[in-house]
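Since the structure of chain A is provided, determine the placement of chain B on it from the hints.
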Amino acid sequence: MTFTLDLTKKGVDVFDGGLTPNDYLLKLNLNTFKILAKLNYFDLTVSGNPTTFTQSHSFGYAPNFYAFCRFPDGKVAMAGPLSFPYDRDTRVLFTGPSFTPEVDSSNFYFILDKPGANYNVDIALYVFEVEL
Amino acid sequence: MFTVRVSLPTVDALEENPDPTDYSLLADDDNILIKELSRGTVNGQSKTIEHALGYYPHFYAYGEISSGRFQIANGYNMFGDFRSYVNDTNLYLQNTTGSDKDMRYFIFYDDIPE
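From first to last, the protein sequence lines are chains A and B.
One point on numbering: in this note's numbering, the residue at position 55 of the first sequence is 59, and numbering is uninterrupted.
One point on numbering: in this note's numbering, the residue at position 112 of the second sequence is 153, and numbering is uninterrupted.
Only chain B is shown next, with the shape it has when bound in the complex:
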């Protein structure tokens, strides 16, 4: 069987039983590498970013809580300053601070439920 291995410095890529932590790329098994679709910044209190993938993609979102300082927009906490969630069409970002804020996002091709 054909495979591709890229090992870290000093590690022999031809070893018989490779440890995944010794490799920057190890295609022997289905190691997960997250593949980026898009990234961006939006400003406001409620924003919708279309990804149109047709499934629920992996994503990260952040809100600028003060100038140059960012907080993870994690989940849909009713008391949090920032919220984020995704469906099969869009990423939804919301800030509840009462004023417009920058929100940064990263959307990946990787299908969360898969």
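One chain only, chain A, in its complex shape:
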């Protein structure tokens, strides 16, 4: 006999035969993507152009990850090459700092451009299951 544990969202009948994966909180025959670790870094000073902050890890492979950066104006931007969070309202290119996170089998790298004066950032890193 196969055991399963399925939990539907509020108001959804778990015995309804027409349910989709989006009707469930948990369905054991679908992998629930897991966050293995979360790390926060505070008050990192970007003093060179670019500045690379390196965080070693011991996974032994390049893990799946995601990262967010908080800039001095308090805005938090998702990671991405050549993002320009200072100017996302005016759409002016290349006048603000960018945030490019990368990973390999030994380290996480947080690369930030410094188009003007030094500035400080906070970074939040999420490490997901599975190797890239």
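Calculated directly from the structure, the hints in this document are not laboratory data.
Hints may contain errors.
Stated by the list, open to error - Among the chain A residues that face chain B by a calculated CB cut under 10 Å, a handful are:
#1 L11
#2 G22
#3 P25
#4 L29
#5 N35
#6 T36
#7 Y70
Note that beta-carbon positions come from the ideal geometry of N, C-alpha and C, so glycine has one too.
Leaving out everything else, chain B in the frame of chain A:
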């Protein structure tokens, strides 16, 4: 009402007012758990991965910027080395480096607009 709670070590799962951060699974409310559809690696400069879900699914994409080193393929930045976007049928991956690169992807059942 029936519910299921799996608490973290040392946390009493029978407590009256559970804090979601103390639980690996808390079905009292509609906590979001992302459910995986598929994952894979493709090589090239422009790749289309069919998901056929009929809606816009949550996804992550990465490009191998150098051997063993990966960069998040975030959005559709015209100056970025890697791009990614999704519609209700496919995930589209593109690298603009001028040479074939490995690109990794993860597609989930979760419907972004829902």
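Verification of the supplied hints:
Interface hint at A/L11: satisfied, since its Cβ lies 5 Å from the closest Cβ of chain B, which is below the 10 Å cut-off. Because the beta carbon of A/G22 sits about 14 Å from the nearest beta carbon in chain B, more than 10 Å, this interface hint is broken. The restraint placing A/P25 at the interface with chain B holds, with a minimum CB-CB distance near 4 Å, inside the 10 Å limit. Taking 10 Å as the C-beta contact cut-off toward chain B, the hint placing A/L29 at the interface holds, the least distance being around 6 Å.
Annotation: interface hint on A/N35 holds; nearest CB of chain B at approximately 4 Å, less than 10 Å. Given hint, A/T36 at the interface with chain B, holds; its Cβ is 5 Å from that chain's nearest Cβ, closer than 10 Å. With a cut of 10 Å, the hint placing A/Y70 at the interface with chain B holds, because the nearest CB-to-CB distance is about 7 Å.
Checked against the numbered hints given earlier, the structure breaks only hint 2 and satisfies all the rest.
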